[in-house]
Amino acid sequence: MGKWVKSGSPWIWMTGGAVSISLIAVLGLLLLIAWRGLSYFWPADIYQWQLEDNNGVKSTLIGEIYDREEVPTERLISAGHKFNEHPGEFVTRYLVKTGNREFVGLDFRWILATDIVSREKPEDIAMFERTKNGNFYGYPVAVIEDGQRLSLDGEQIETSLEEHIERSVDIGEQALKLQKSEIGSVNYALERLRLKERGLELDGKLTPELKADLDAQAEQLNQDYLVMEKDLFALRDEAARDSVIIRDMRGEEVTLKLDSVLDVSYVNRMNSFDKVVHWFVGIGRFVSHDPREANTEGGVFPAIFGTVFMVMLMAVIVTPFGVIAAIYLHEYAKKGPITKMIRIAVINLAGVPSIVYGVFGLGFFVYMLGGSLDQLFYPEALPAPTFGSPGVIWSALTLAILTLPVVIVSTEEGLSRIPSAVRQGSLALGATKFETLWRIIIPMASPAIMTGLILAVARAAGEVAPLMLVGVVKLAPTLPIDMNFPFIHLERKFMHLGFHIYDVGFQSPNVEAARPLVYATSFLLVSVIVTLNLTAISVRNHLREKFRSLEH
Amino acid sequence: MESQVSQPGSETKSLLVSRRTNRRAFTDKAAEVGVTVGGTMVFVALLLIFFYLLYVIKPIFDGADVEPVSTISYQNTDVATLMVGSDEQNEIAYRVTIDGQVDFYSVASKQLIQSFNPPLPAGATVVSSTKAKPNEQRFALGLSSGEALVVGVDFGVTYPDNVRTITPRLRYPLGETPIMVDEGQPLNNLVFDYIDSRIGFAYQDNDGAWKLNRLEGEENMMTEEIEWYSDLAVIEDAPKEAFTALMTPDHRQLILPTSGKIFIYSIRDTDTPSLLQVIDVKDGSNKVSNVSLLAGASSVLVNYEDGTISQYFQVSSRNGRLYQKIRDFEIDSPVQTIATEFYRKSFAVVSAEGELSLLYTTSQRNLFTETFNIAQPGEMAFSPRSNALIVEANNSLNIFAVDNDHPEVSWSALWQKVWYEGYPEPQYVWQSTSGSDDFEAKLSLMPLAFGTMKAAFYAMLFAVPIAIAGAIYTAYFMAPKVRSVVKPTIEIMEALPTVILGFLAGLWLAPLIEDHLPGILVLLTLLPTSILVSAFTWSKLPAKWKQRLPETYQEIMLIPVILFVGWFSFEISPVIEIAFFDGNTRQFITNELGITFDQRNAFVVGIAMGFAVIPTIFSIAEDAIFSVPRHLSNGSLALGATNWQTLTRVVLLTASPGIFSAVMMGLGRAVGETMIVLMATGNTAILEWSVFEGMRTLAANIAVEMPESAIGSSHYRVLFLAAFVLFVFTFVFNTIAEVVRQRLRERYSSL
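Residue numbers (the numbering used here), protein chains in the order written: chain B, 1 to 552; chain C, 1 to 751.
It is possible that part of the hints are untrue.
Here are the in silico distance ranges between beta carbons for each label pair [what the hints assert, rightly or not]: (1) B/Q50 <-> C/L512: 26 to 36 Å; (2) C/V37 <-> B/V277: 50 to 60 Å; (3) B/S288 <-> C/T596: 21 to 31 Å; (4) B/D67 <-> C/E219: 35 to 45 Å; (5) C/E592 <-> B/N54: 49 to 59 Å.
Facing chain B, from chain C, some residues (calculated, C-beta under 8 Å) [what the hints assert, rightly or not]: (6) A25; (7) G123; (8) G506; (9) I562; (10) E738.
In silico lysine to aspartate or glutamate, EDC-like type, Cα no more than 16 Å apart, as pairs [unchecked claim]: (11) C/K29 <-> B/E435; (12) B/K205 <-> B/E435; (13) C/K211 <-> C/E183; (14) B/K340 <-> C/E183; (15) B/K180 <-> B/D290; (16) B/K335 <-> C/E746; (17) C/K211 <-> C/E241; (18) B/K334 <-> C/D269; (19) B/K474 <-> B/D203; (20) B/K97 <-> B/D248; (21) C/K261 <-> C/E227; (22) C/K282 <-> C/D250.
Worth flagging that the hints you see were computed from the coordinates, not collected in a lab.
The C-beta atom is built at its ideal place from N, Cα and C for all residues, glycine as well.
All chains, full assembly: derive it from the sequences and hints.
Here it is, written out as structure tokens:
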């Protein structure tokens, strides 16, 4: 034993243990996020419980099991719960998602295993996905078309219900499209007219003729708007024509208008294949739909779009600067105090907390630069800021400074791997230094630049703190790109996946309901970032191999 | 750097002289210049951040500035002045005489615009007059008939033809007819306060006895007129020699100062006014010359004849809330007049020689001192926006422009304990905003800096052992094949967005830890034990078994052991809880041990942020250990040292600067981390080292408050200062780390 300790073997094992702990932590974390994120889309079984509490009150409960835990009986008793007979040391407690938010108040409920009389999985229970108030669980009883109750039974109800839902969803989509694109365009055009008039007025060039002309245009747009608005209301009425009668867990018949219903599914009837299909459909909807209900339901499409757009904008800004700085440091700079200082500056730029960039971005870019831009180019919109408030361009610029060192370090590493023989050969053949750079060095270093760029993008995609100050919002009404001139709106605020996680997880009214969605968003973000990093690593390894062979 | 090649000399170039070559040479030169400029941009960017932050911060440390703008000679010079003031735009100044005449003067033209005389009932004369708090712009006249008239100065703003026009006028909040206070008794030395349809009058009768009358207005349902119900009382034994009286606007206290003592009466119940406290302000032979209330009316400023000004406010003690001396301000010469701002805690004083000083209580700053031509000053007042000062002297109204944007910030206010109004003792407090106008901003950065340190400390406590031990094993003992997988895997952690770590810490880890506290305790003890036990078991295994698995795969063999221990700890947690902690550990900690327990505490932050820091430390430390030249360790091993001896005596010693730099880098990251702390703590600014309580860090504070702070306000600039502090912190850590690392690299290359 003493000899064993003296050999240092236990300490080596301890260090080995540290590696294992780190590995478990990393992989465990990734698995946790993946499991929780992906299981969100898996259709859970819907149960119907008969409950009887310790006072003998009976009730029925329909819902999905959301979570379960073992609670020490002591704790329940000390919290004031009474049991008719002692249930042992632990009691199982289920968290049930009951849906039907407008009728039951709380759509999540803890039930104790001791209260359960029976549990079954009825095949006829339907789950309605809705635009408002979350899911609804119950037994469809009848379909009402235009106020008329259709006389159907059994299978017929289901097929008829699905047809009607499909119809109203279609109409609803049309209405949404009209509202978002056409009516949106008209409003945008009206706003531009107003600004034009104000601009002319400020310049003192607003003649009565011009004003009359502008007014006429505005009048025309208003006419168009009225027509479209009428269409929109007609479509909405059309979508709300039908309804469905459902028997809920209280045994009461409830009428749901179909314009709020998105989908109906009979989860308990699905076989594994159906569930897989349902799962994929769920993922598809998640990445392609807009969020609903204060972001706690629906998809994250605007957040994905905003993240990607901002990151691309940032990449366009950061690449030239990073590459030039790296080329300077590696190819031009002489060894000396200045170079040393620049290197220390690069390391420090990498080490400065991201929130400091946010503060700098807000003060310098948004208020100072953006404020001046507004004074110079958008005086007609003042005092409402155009570029003088947080926006996607300022976020991109801020993150560009933040990720600059990543690109520099990576590019420089690539440059240092190019054998000097290549440079000497080019110069010996009479090329100037610039030609050598442009024709030989940069093309050879391009995978390294690529690596740097990928790493920068990965870093930027996950950064949230500075964005909270310079441009990200909880819910952006419009995307930074749309069909209105000038098509790309760099001054607009945007949504971001990382901020979405913070916002939904910590600022939403119903955290319990939103949590799976946060896991799903986290998984999306993590998988994008891990993929980007793995790509970068593999590009870099590939590059190393290539140049190693070149040197021999 | 080594592969850099300079281009051939100019002789070779001159062989190729032609037009095309000229252009090529030009492009080459241009590219060189361009790249050099581009390269230095990185440096410029860092400097820009540094200096921009400084540029925003600088104004908070600047003093104030006061400049004379205009001097208006007023009429009616034979009557003394009661109060002076101006409108919000500083376009119109006014003077009220002690007999109630109000004259308005235009600041631009220095001419009298309008003059008002209050309507007095026939036969009544003004025996005393008094002004209210500065922000009310009101005064009252005590009449010989026992009536009082309350008058407000008001400015109407209209915009005919888009031009701002300010019309001065008088308001009578209680109606134009004077209100009866004490029938037939002249109201000497009147003071009053009017708030929320309640009005309190205090005055001396002809015998010098202080009397108090509180009138409550009630709207008559029928006539919709306000009827006043009065409540008259005599304050027994009140000092007759009191030279003035002050009434707090909450109708709770009446302050009667004499030259050596200040009497505080509680007048909460008008029926039974009682003596609350007598402050003996006689400071040696010093005499009190004036007493005034600071904005917010929580503090009393006492000035002495030698120029000292003392601030008093109520502090909770065993005998209730009593006034206590808080701090002194020394002015060189005796102060003649004093004025307080409408909402902030600034005040201005002028000496008999005309020396004007601006002071601020919380930050204890003397912001400005200069002598102007205002000797023997009379009344003085701030303008509503505190950007002008009106001083009555030499029979004229002297208007000064005041530039005093950030009086509340000073070195002592930021970093030292400050005694805030209403606090029992000097404290470090961060409370930047509040609902009320006359709120005293508490901008101590200490709790935030402390929180930052606390978070970083717990994170490092968790991360450093694991990261460095892991780095040692990976660099020195691990098989190259495994290493090539393990290293990138741990480094991937660095790329994980901290918002996800924060989310998991706040919503998954924090409740998990709260529910399984005994399990965590078990885990912390079992984990090292189990590793040692499995190591020992391994060493005792028959050699035959060992051959099947090479020793270099220890970390893989340990994974199931650690997983089992983790699972076991959590499984056994409820059992332990029932056996030792009455089935509820959390309540046990709070009730039995008396320790405050927050769900989102330093422990959770330590783990989550430690997690974020591990890859940084691991990666740099691993590089440092791995690049220790092999011949050093081989030499040591050849001389008969064991692996462990070689590691601790040779490898780690050589790599120690690298490991130090790794820890520095990690610390830099932990200090500036925002999202994890924001999400995994309660963000309360407290000064407690307890593991079970949260904290508020500089970074999280910026993220929370920055979007809501107004541009250019003191709060905004202090947040920039917080960012600057973070910048400097991390700059120091990173620069040390980088310099150490560069040295190390040079040393290795020489080995």
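Item to check | Violated constraints from the hint list, given by number and in increasing order | outcome: Of the numbered hints, 3, 4, 5, 7, 12, 14, 18, 19, 21 and 22 do not hold.
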